[in-house]
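A.B. asks: Add chain Y to chain U, keeping to what the hints say.
Top to bottom, those sequences are chains U and Y. Residues in the first sequence are numbered from 1 upward in steps of one, following this note's numbering. Residues in the second sequence are numbered from 1001 upward in steps of one, following this note's numbering.
Warning: the hint list may mix true and false statements.
Sample of chain Y residues lacking proximity to chain U, with all beta carbon distances greater than 10 Å (derived) [to be verified]:
| id | residue |
| --- | --- |
| 1 | THR1018 |
| 2 | VAL1054 |
| 3 | ILE1091 |
| 4 | ILE1106 |
| 5 | GLU1170 |
| 6 | LYS1237 |
Once the Cα atoms are required to be at most 25 Å apart in a straight line, the calculated SDA-like pairs of lysine to any residue come out as [what the hints assert, rightly or not]:
| id | chain 1 | residue 1 | chain 2 | residue 2 |
| --- | --- | --- | --- | --- |
| 7 | Y | LYS1033 | U | MET201 |
| 8 | Y | LYS1237 | U | MET174 |
| 9 | Y | LYS1124 | U | LYS234 |
| 10 | Y | LYS1124 | U | ASN21 |
| 11 | U | LYS146 | Y | LYS1237 |
| 12 | Y | LYS1031 | U | ASN21 |
Beta-carbon label-pair distances, calculated as ranges [claimed, not checked]:
| id | chain 1 | residue 1 | chain 2 | residue 2 | range |
| --- | --- | --- | --- | --- | --- |
| 13 | U | MET268 | Y | ILE1284 | 30 to 36 Å |
| 14 | Y | GLN1212 | U | SER230 | 23 to 29 Å |
| 15 | Y | ILE1044 | U | GLY189 | 26 to 32 Å |
| 16 | U | PHE57 | Y | ASP1177 | 20 to 26 Å |
| 17 | U | LEU89 | Y | SER1017 | 54 to 60 Å |
| 18 | Y | GLU1027 | U | LYS146 | 32 to 38 Å |
| 19 | Y | ASP1177 | U | ALA93 | 42 to 48 Å |
| 20 | Y | GLN1212 | U | SER180 | 44 to 50 Å |
| 21 | Y | LEU1131 | U | SER230 | 33 to 39 Å |
| 22 | Y | GLU1027 | U | PRO80 | 37 to 43 Å |
| 23 | U | SER77 | Y | LEU1113 | 55 to 61 Å |
| 24 | U | SER77 | Y | LEU1131 | 31 to 37 Å |
| 25 | Y | ILE1044 | U | SER191 | 18 to 24 Å |
| 26 | U | PHE86 | Y | PHE1286 | 27 to 33 Å |
Hint data in this document are derived by calculation from the structure and do not stem from the laboratory. Just so it is clear, the structure is predicted and the values come from calculations on it, not from any experiment. C-beta: ideal position from N, C-alpha, C; glycine also.
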Amino acid sequence: MSRLKYNPKRPNRSLAGDITNAVVLLIFAAFTALPMVYAICNAFKPLDEIFMFPPRFFVRNPTLDNFRDLFLLMAQSWVPFSRYIFNTLFITAVGTAGHVIIASMAAYVLEKHRFPGSKLFFNIVVTSLMFSPVVTAIPNYMVMAKLNWLDTYWALVIPAFGYSLGLFLMKQFMITVPDSLIESARIDGASEFRIFWQIVMPCVKPGWLTLIIFSFQSLWGNTGGTFIYSEELKPLPYALNQILMGGFARAGVGAAVVFIMMIIPIIMFMITQSNVIETMATSGFKDE
Amino acid sequence: MSVLAERKPSTSTVFLSTRNKLAYLKEEIIKHKTSYLFLAPYAIIFLTFTVVPVVISLFLSFTYFNILETPKFIGWQNYIRLFLSDDIFLIAVKNTFLLAAITGPIGYIASFLFAWFINELPPKIRAFLILLFYAPSISGNVYMIWTVMFSGDIYGYANSTLMKLGIINEPIQWLKDPEYMMSVIMIVILWMSLGTGFLAFVAGLQGIEKSQYEAAIVDGVKNRWQELWYITLPNMKPMLMFGAVMAITNSFAVGDVTAALAGLPSTDYAAHTVVNHLVDYGTIRFEMGYASAIATVLFIVMVGCNRIVQNLLRKLGR
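Looking at chain U on its own, in the form it has when it is part of the complex (with noise of 0.2 Å):
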């Protein structure tokens, strides 16, 4: 047979296919870097090449000029930029902190706990995975307005401890901790808190990297939006947009910050990466 003499290692696999495969690939690869490259480039670029007719994809000069400028920029803002920084940080800290923590604990009850009304709040979060927060920002502003938690931060930080995605995720990954594991820890006189913060946390690391980096790419981006009103509260983001929006005169800083607001997501993501692939295993919804 033809097959096995391609190569005996990959039975079922053709020459002919394999290439057809890279090809795809790379084409592929293009399509999605090209934007992103250009994005890296043009950070780099002076002013005069990111104004070049015709305009050049690659840098040729490259210089750190418009980080710089983002720099000075920075400093003659009226709040001081590191409060921005700082906002953003802190946003992004506890948000996550206490979404892995506050989930971890529900999903561990959820999977290895049996009690009434565990099924149905597991299907209301399931359910509550069909459909966008953007349907419910009218009346989240709302119970925030009740709270008086509008321009503080906690209107940010708290409603990210119920995201929905990350419970999903946690739940179904908790199924790879075995029960005798729990049950002889249980038998030793361990307290259940115990039980969870010694032996599961342990080992579901992959779990809760994932929902780390989840929630610090939702958080990341936050601009505050409409609940944050007070210029010194308001996130990163949001003043980075701002100098975005200077259009044609704030074209190489322009460039900096995407280039900021891309690279460190992506970083954060390469550390975690095997970790996440790992939980992701875990995700499937479970055929009824």
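C.D. replies: Okay, now just chain Y, sitting in the frame of chain U:
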């Protein structure tokens, strides 16, 4: 209630009165109090910021509400106005369905196919390609770079390339001209469509046991397409369901991208989506009752569409 309260607890175990049921439930709750304590923080936040808002939205959609005055009940008026006299809403519905119908399935199938293609490669290259393909969907507002590439002046990369090649003589207003707007937006959305679902597919494919493929060869599976159909797809069903939910939810929620690229409102509302319409009434015009009606319609469409697709996928390979 008083009748129930006066009734003495029945000694018969067969006869379970409401009161006994309540007592039983109470007992169960006390027995499982640690479980409830663990669940409570998440449950309270989830209910407050997800379940309660859905209920409020449903209620507000039957009222006239401008934030300042108390909501006034007006029955089906908002819905009647929405479907019978709001021409722009109908444009938004058309645009949203067009975007969802094209980018949803293509993005979903592309996510699966590329995950499958990548799976053939050595681990190092695979890891790099996963990062590359997933990057557009995580990097915040990097899609803004497309506004530079498709900028309406001659400095835009698309315009200058086409002009250099002699295909066009003057710059095209990609993001202002209703003729091109939707196509550009679709390209950008497809560019970002390899997201959470894609990761689930990559992970799912790696989880299929090698022995299954070996057994398939013995059974006469001859090429990779037969492998895909008989082994891979049936094994991937849970991930396919999860990916479908992510794809549908995201494709109906398109709004940020259209507003950022084409503006709000876009020229002739050519890129106006239901979410844009919702934002317009909710945060610009402050017609909260009307905006809630839009949100409710969107909610029903999203959940309904998800249910239909879930049922279709469930039948797959049965």
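A.B. asks: For every hint, state whether the structure bears it out.
C.D. replies: Each hint, compared with the structure:
Remark: the non-interface label on THR1018 (chain Y) is consistent with the geometry, its nearest Cβ contact in chain U lying 16 Å away (cut-off 10 Å). Not every beta carbon of chain U lies more than 10 Å from that of VAL1054 (chain Y), the smallest distance being close to 6 Å; the non-interface claim is violated. Against the 10 Å criterion, ILE1091 (chain Y) stays outside the reach of chain U, whose nearest CB is about 18 Å from its own CB. Distance check on ILE1106 (chain Y): its Cβ is at least 12 Å (rounded) from any Cβ of chain U, clearing the 10 Å threshold; non-interface status holds.
Every CB of chain U lies more than 10 Å from the CB of GLU1170 (chain Y), the least distance being 14 Å, so the non-interface label holds. Consistency note on LYS1237 (chain Y): stated as away from chain U, yet its beta-carbon is not over 10 Å from all of that chain's, at 6 Å minimum. At most 25 Å may separate the alpha-carbon atoms for a hinted pair to count; LYS1033 (chain Y) and MET201 (chain U) meet this at roughly 21 Å. Between LYS1237 (chain Y) and MET174 (chain U), the direct Cα distance comes to roughly 20 Å. Compliance with the 25 Å bound is thereby established for this hinted pair.
Under the criterion of a C-alpha separation no larger than 25 Å, the hint pairing LYS1124 (chain Y) with LYS234 (chain U) is inconsistent with the structure, at around 40 Å. The straight-line distance between the Cα atoms of LYS1124 (chain Y) and ASN21 (chain U) is roughly 17 Å, inside the 25 Å bound, and the hint therefore holds. With a C-alpha separation of about 43 Å, the suggested pairing of LYS146 (chain U) with LYS1237 (chain Y) is violated against the 25 Å cut-off. Our distance criterion of 25 Å between C-alpha atoms is broken by LYS1031 (chain Y) and ASN21 (chain U), whose separation comes to about 57 Å.
In this structure the hint that MET268 (chain U) and ILE1284 (chain Y) lie 30 to 36 Å apart at CB holds, the actual value being about 34 Å. For the pair GLN1212 (chain Y) and SER230 (chain U), the supplied restraint of 23 to 29 Å is violated, since their beta-carbon distance comes to about 58 Å. Distance hint for ILE1044 (chain Y) and GLY189 (chain U): a CB-CB separation of about 30 Å, consistent with the stated range 26 to 32 Å. Between PHE57 (chain U) and ASP1177 (chain Y) the CB atoms are about 24 Å apart, so this pair conforms to the stated range of 20 to 26 Å.
Checking the proposed 54 to 60 Å range against LEU89 (chain U) and SER1017 (chain Y) shows it holds: the Cβ atoms sit about 57 Å from each other. For GLU1027 (chain Y) and LYS146 (chain U), the Cβ-Cβ distance of about 35 Å falls inside the hinted range of 32 to 38 Å, so the restraint holds. Judged by the Cβ atoms, the range 42 to 48 Å given for ASP1177 (chain Y) and ALA93 (chain U) holds: they are separated by roughly 44 Å. Take GLN1212 (chain Y) and SER180 (chain U): their Cβ atoms lie about 27 Å apart, and the range 44 to 50 Å is violated.
A C-beta distance of roughly 37 Å is found between LEU1131 (chain Y) and SER230 (chain U), which places it inside the suggested range of 33 to 39 Å. A beta carbon spacing of about 58 Å between GLU1027 (chain Y) and PRO80 (chain U) contradicts the range 37 to 43 Å that was offered as a hint. Here the CB-CB span from SER77 (chain U) to LEU1113 (chain Y) is close to 46 Å, at odds with the stated 55 to 61 Å. For the pair SER77 (chain U) and LEU1131 (chain Y), the beta carbons lie near 33 Å from each other, so the given range of 31 to 37 Å is met.
Our hint of 18 to 24 Å for ILE1044 (chain Y) and SER191 (chain U) holds, since their Cβ atoms are close to 22 Å apart. At roughly 32 Å, the beta carbons of PHE86 (chain U) and PHE1286 (chain Y) sit within the given window of 27 to 33 Å.
The structure shown violates the earlier hints numbered 2, 6, 9, 11, 12, 14, 20, 22 and 23.
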